[in-house]
Amino acid sequence: MTTESGDRAWVLHRYAYGDSSLVVEFFSRKQGRLGLLAKGARRPRSPLARIEAGRPLWIRWQGKGDLPLLVQAEELAAVHPLNTLQNLSLFYMNELLLRLTQRADPFPEFFDQYETTIEGFNDVAAIAWNLRRYERHLLEALGWAADLSHCGQCGITLTPDTKWSYLTQTGVFCPRHTPEQGSVSIPAEALQWLDGPMNSAPASGYNAHLRNYLERELQVHLGSKALESRRLLAAYLQRHKRSAST
Amino acid sequence: MADVPSMEALEALLRRLPGIGPRSAQRICYDLLVRKRSLLPQLAAAFERAHATVRFCERCNNLSEAPLCGVCLGAHRDHSQLCIVESPADLRAIEDTGVFSGDFFVLMGHLSPLDGIGPEALHLDRLSERLAEAGLQEVIFATNPTLEGEATAQFLADLVPAGITISRIAHGVPVGGELEYVDRGTLGRALHGRRLLDE
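Chains A and B, in that order, give the protein sequences. In terms of my numbering, the first sequence has 142 at position 142, counting the first letter as 1, and numbering is strictly consecutive. With positions in the second sequence counted from 1, the corresponding number in my numbering is that position plus 1000.
It is worth saying that the hints were derived from the structure and are not from the lab. Built from N, CA and C at the ideal position, the CB exists for glycine as well. There may be inaccurate statements among the hints.
As the list claims (entries may be wrong) - Taking CB as the label site, the calculated pair distances span:
| no. | chain 1 | residue 1 | chain 2 | residue 2 | range |
| --- | --- | --- | --- | --- | --- |
| 1 | B | M1108 | A | P175 | 52 to 60 Å |
| 2 | A | N212 | B | E1048 | 34 to 42 Å |
| 3 | A | Y15 | B | S1167 | 26 to 34 Å |
| 4 | B | E1133 | A | E140 | 18 to 26 Å |
| 5 | B | E1065 | A | E115 | 34 to 42 Å |
Said to hold, decoys possible - According to the in silico footprint, chain B covers these stretches of chain A (three or more CB under 8 Å from chain B):
| no. | stretch |
| --- | --- |
| 6 | 36 to 42 |
| 7 | 51 to 57 |
| 8 | 94 to 100 |
| 9 | 162 to 173 |
| 10 | 208 to 218 |
To be verified - Far from chain B by the CB rule (all over 12 Å, computed), these chain A residues:
| no. | residue |
| --- | --- |
| 11 | E75 |
| 12 | L76 |
| 13 | H80 |
| 14 | P81 |
| 15 | N83 |
| 16 | F110 |
| 17 | L139 |
| 18 | Q153 |
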């Protein structure tokens, strides 16, 4: 896994290694998740001291095994300080990736989605639906996204102005074939938004439906351990009583 | 060193301390056991005493031998300012500057959701009590300038009652530094946190 040319990457997480080094988990375009040892990065004058999440980097590394050596990390763009909502949302994005992906499993298309989502943070009002789009794209990249355009029972195409239902890990169902147990109703327009390009905000009434649907779909793969960043984000939003749920 | 198990055990313990690797641990062991044997009982007694007497200050979480630490008991502290830091070492660093005479509160960490550390680990009940004290005019967040430190400051700022000034320590170009060699993120923060020339 040695590289001479380097790769574009974002920091997902970093933690102390020994007295003066860091282990940094990157999300890179060509390699996917990548754990690298940044030797001496905790020393104040180290050029690697300030690498952290939320800014695009060009990284080079060398070595093989579980923990190759980070040899260079160059910032590719100036990054403005993030506000609380942006910070907590970034934690959430990164925790999802760390919990659901493995090292050395590349997702170049999803890497672009990761960058697009962070760019979307510039408009604070758009953070909520940017995160929904991120969650859906992550499910797609991992091969866990359900078919949202056809009824899982009869195959009929999704039609607007109707209430459909979904069953986690199974699919969506038309009004005539709503499963008797365990299904949750959802407006067809919310499903259509998820099934489309998701390039603009969904109608405001669908935010809670979208959040609940994606949370359930992700939770199946996350297991019983809750996402701490989601809990923190929810606590922050509750405190601010935002109607636009995230 | 299989024939000297006591020394091996001492080395293993020393290696768990910050800044001490295997070779340093070995050197310290030889120094203590060969040249400075008289230090050993003194060190043992000092460790034992520290373990028995040092605790956390009931008011600010600083290290102390009494219920209240020396900073909290200081006669000339400015109680209108409260500086919030991550660790007792950070408190000491700010005290050593000699430019701050207000009160402190030590969080004993920072928010780090990816490590499973949430707000309940930061003694928020006691912080809320401090924030409700009469006469408080300014809260200074001196958490580290990392993503986690920023998030901690931003998250806790919501707890500060209305009418109290909330400030953040400045970040940016180090004194004596040259702009050309400063990383772009730090330089950006320095520009964001710029101040008027005559302040």
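For each hint given before, does the structure comply? Return the numbers of the non-compliant ones in rising order. Violated hints: 2, 4, 5, 6, 9, 10, 11, 12, 13, 14, 15; rest satisfied.
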